[in-house]
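K.L.:
So the chains spell out like this:
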Amino acid sequence: MATQELCRVVHREELAPQRVRLILDAPSIAPHAHCGQFVHIACGEARLLRRPISICTAEGTQLHIVFQAKGEGTQWLAARKPGDTLDVLGALGNGFAVERLGTAPIFIGGGIGVPPLLYAMRCAVESGATPTAILGFRTQEEVILASAFASYGTTLVATDDGSYGLPGFVTTVLQQHLAPTAQTVPTPPTTGIAACGPRPMLQAIATLARQAGIPCQVSLEERMGCGIGACLVCACALRDPAYETGTRYGHVCKDGPVFDAKEVVW
Amino acid sequence: MSEHIAEGRNAVDRPVDMHVDFCGVSFQNPITTASGTFGFGHEYSAYFDLSKLGGIGVKGLTPTERQGNPAPRIAETPAGILNCVGLQNPGVDRFITEQLPYLRQFDTNIIANVSGNTVEEYAQMVAALSDADAGQGVDLIELNVSCPNVKCGGMAFGTQPQMVEEVVAAAKRQAKKPLIVKLSPNVTDIAEIARAAVSAGADALSLINTLLGMRIDIESRRPILSNTMGGLSGPAVFPVAVRMVYQVRQAVDVPILGMGGIRTGKDAIEMLLAGADLLAIGTVLFRDPCAPIRILTEMQDWMATHGVRSVRELSGAVEVRS
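Those sequence lines, one after another, are chains L and E. Mind the numbering: the first sequence is residues 0 to 265 in numbering that gives the first Met the number 0, read in order. Mind the numbering: the second sequence is residues 0 to 321 in numbering that gives the first Met the number 0, read in order.
So that you can see chain E by itself, here it is in the shape it has in the complex (with noise of 0.2 Å):
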């Protein structure tokens, strides 16, 4: 057993509270995985104990099984990575019936997130969802109107106001769950889309999405990837993560799933202290397995030793010069 994982056992007994409340659902931290960096679980579950997140968001979905897009999909770059892998899962009907009674056996919640070409496919997805009765279905929605590699739908439905409001609207006839947009960070003016999307209905925004990208490899003179352009995350996005997660919070008074590289504790603290209310890990996971638990336990020791009671009072708590 490595230092990492035996660290993470102790993480539960620190003299903090980290319950978090979040659309009416209950998180017994603000923890929870980034979608797309966590596959459905079974891959982490060999190394830490997934029933201490606070919840998992699993990988997007599709209404139909997607293959994805060609090798190479990755390339990494100074403190981050770029990939398009192009949205790869098993459809939403094989995730409700092979991988959600997987997930319920551990104590999280599970937040599923979908991707449709069409407001209509959005719609359909979150209507089975809701209605997915796998142990007790999924607790919460994310939509992702925010993806940068695939073809139609994703990031052109994210980044106009108007496309925002009516594929949010839709989706949000359709749900009984909380429904979380998950807003791209390819935009001018991230607060106009938060509002577009509270106004449609949304319960909670989650952000960012991955930025843009290209790279290319000099001596071939050819994009890295093979979608030519992709998602950059990690580290090197935080800085615009919080920025972005700070103007929403300041526009808009619906919770905050804020993610965008964090790696630390300290960065976690400072998501939250931007605005966020609930938090999702990533991109790190890739370098660090463990990196949830390991956040999370810096996260109870930062706060033990500053005095912070609990984590809900940091949410939105930077002071910003008058």
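Bound-form chain L, shown alone (with noise of 0.2 Å):
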């Protein structure tokens, strides 16, 4: 059930140059928080649109958000301290479903994509499950939550310059993981696949994932307006039988912002 609730900032640390954490006191919204939802967070009078950011977990009343600080809105956003009041609209949107992902998924993330990833992960631990993360950043020193997410499985990260761990895209990486040779450790085999990050990341797992066999879910982006569903501002094209032309458009704000990757128009 969404809300809207002035939250307290408790928390405030920076995990990487421009990746903030924040966490907030949110005793309307955590509570109620489903994995991969999103808060859409007033970032103060001179900008009129709110920004949505991922839910990065929900402990309690707590709720963490991960960010970068990249436009205005969310240097804003990063420049809280805690005691600060944010005015915040949330739970928004429908998350992961992690129950369709099996017994052995594989959660992945890409850059800023990576902290919504966190909550599904431990969602998946929490229903029984023995999930797997795969983390890409460009950089090492972009990488962040690789031991948080270790504490919830086998946590896997690249970069592209192969300055932290496995050098190279986390699409490599799937690949290696999905058809293990002698030399790598054998693993269970793949159940489903969440994952979330750029949008030319998402399409490469969804065509790795269909030619697997594997559900998968992506978590997407776009320009957004209220948040909820009334606007119509964030489309994204979906395939739909229905339609003559066999699309329509979806809103990432109230049909997402994780969509079934087999219903996406890429």
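Calculated directly from the structure, the hints in this document are not laboratory data. Nothing here was measured: the structure is a model prediction, and the numbers come from that model. Quick reminder that beta carbons are idealized off the backbone N, C-alpha and C, glycines included. Treat the hints with care, as some may be off.
[As the list claims (entries may be wrong)] Sample of chain L residues at the chain E side, in silico, Cβ under 7 Å:
{"id": "1", "residue": "Leu47"}
{"id": "2", "residue": "Ile227"}
{"id": "3", "residue": "Leu231"}
{"id": "4", "residue": "Tyr248"}
Using the hints, build the complex out of the two chains.
P.N.:
If you want it as structure tokens, here you go:
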């Protein structure tokens, strides 16, 4: 259930340059938050639109968000201090359906798409699954949350420049994981994939999942307005056989942000 | 429950008269929602009781379902937004069967909003909505001749007096509900368009729709919006809206539904003084989903402290320097 709440910032921490974690006291939002949902945060009087931020995790009445200070809005948000108050709508959207990812799911995050998968991986563990995480970053200094993921299961970190963990993209790591060679440690067959990150990465993962016949859920991003499904600006093309064209526009904020990869028109 | 919502709950008990009569339809207060910013109400019902609104302006309807434009459909601007949604909607028939019964459970007026590609399409939709009997049908019909985001129709109708007359006259012949004509601000002389609409039978006018605008991503050198241009709304357009409502008030003698960038109760009072009888709240909803209730409360507080007993005293009461 979504609500509007004035949330106090209780903790601020820079995990990496321009990558900030805020912990919010959100007694009306946090207990109802599902993994993969987002909150819509007013970022100062100078910006009319709220900023959608994925929920990294929720513990009791506290909500953890991890985001990149990229534009003016998120830079304002990143400058908040403990004791400050934020105007938050949440928890919004449809999150990951972890129960449909089976007993051996893989959670794949790219860059600032990594945070929401932490909550998803925790939910998988709590439901008795044995999850694996594959986290990709451009370079070592952008690596975040790796040890938090490792506390829930096998966590493979890759960097584009090879400065930390495995060299290359998460898709390369995923391919190796799905088709282990004699040299690699055998793992149980993957039963599902959940991914969040840049669209080309998600598209490549969706292709690999389809080829391997594995269910795949992706968390999409789009420029948003209201965040609750009324203004219809965050359109994303979805397959729908009910339409002559075979596609229709759904909306990331309400129908998503998490979609079945097979539904998405890439 | 947030403080915003809690404040809204007390709004009805202020000792000021907020009642407005608009084209013979009774409004418990002058606050409605602007078409295109409120969907069909479902989403906002989680944030406040829709029965507290004077009326609900629903998403713009077309004869058949429209998918709208690709993303990106929105760009933020200083104190506003540009949008190019492109009238994504389920079509007028599905609105009547699927959405109207839901909306009718709330104790508020429903304002349908229609857009066509041809004069005939406008007339057909007005006929269909006039005869809709889900619950009690709709209360008023707003003719959108001013959408900047569709290739045919929309703004093309609303920027030429002759076209306005033609489409309004055709719609009026089919209308069994009060007909509001929504004007485009993208014209040189808004009074001329207003007179054309009224002469063709408009029962009321609403203004302003969005102002045509554009933004460019300087890194990629491409327009931000998929449709290149879009409609500007939000506080940035408020002074333009006040000016145009004032000009239209001077030009014609029908009730005015004023909108465009209203953000606070004081903005609402200002829009009434300019000449509006009824108000619509739009883009500010994206910032504050409870904005209509907050604005209503702020208006009542302002009226109480300024000794204004009835909201009707304010309409057109601007005192222009002689």
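K.L.:
For this structure, which hints from the list above don't hold up?
P.N.:
none
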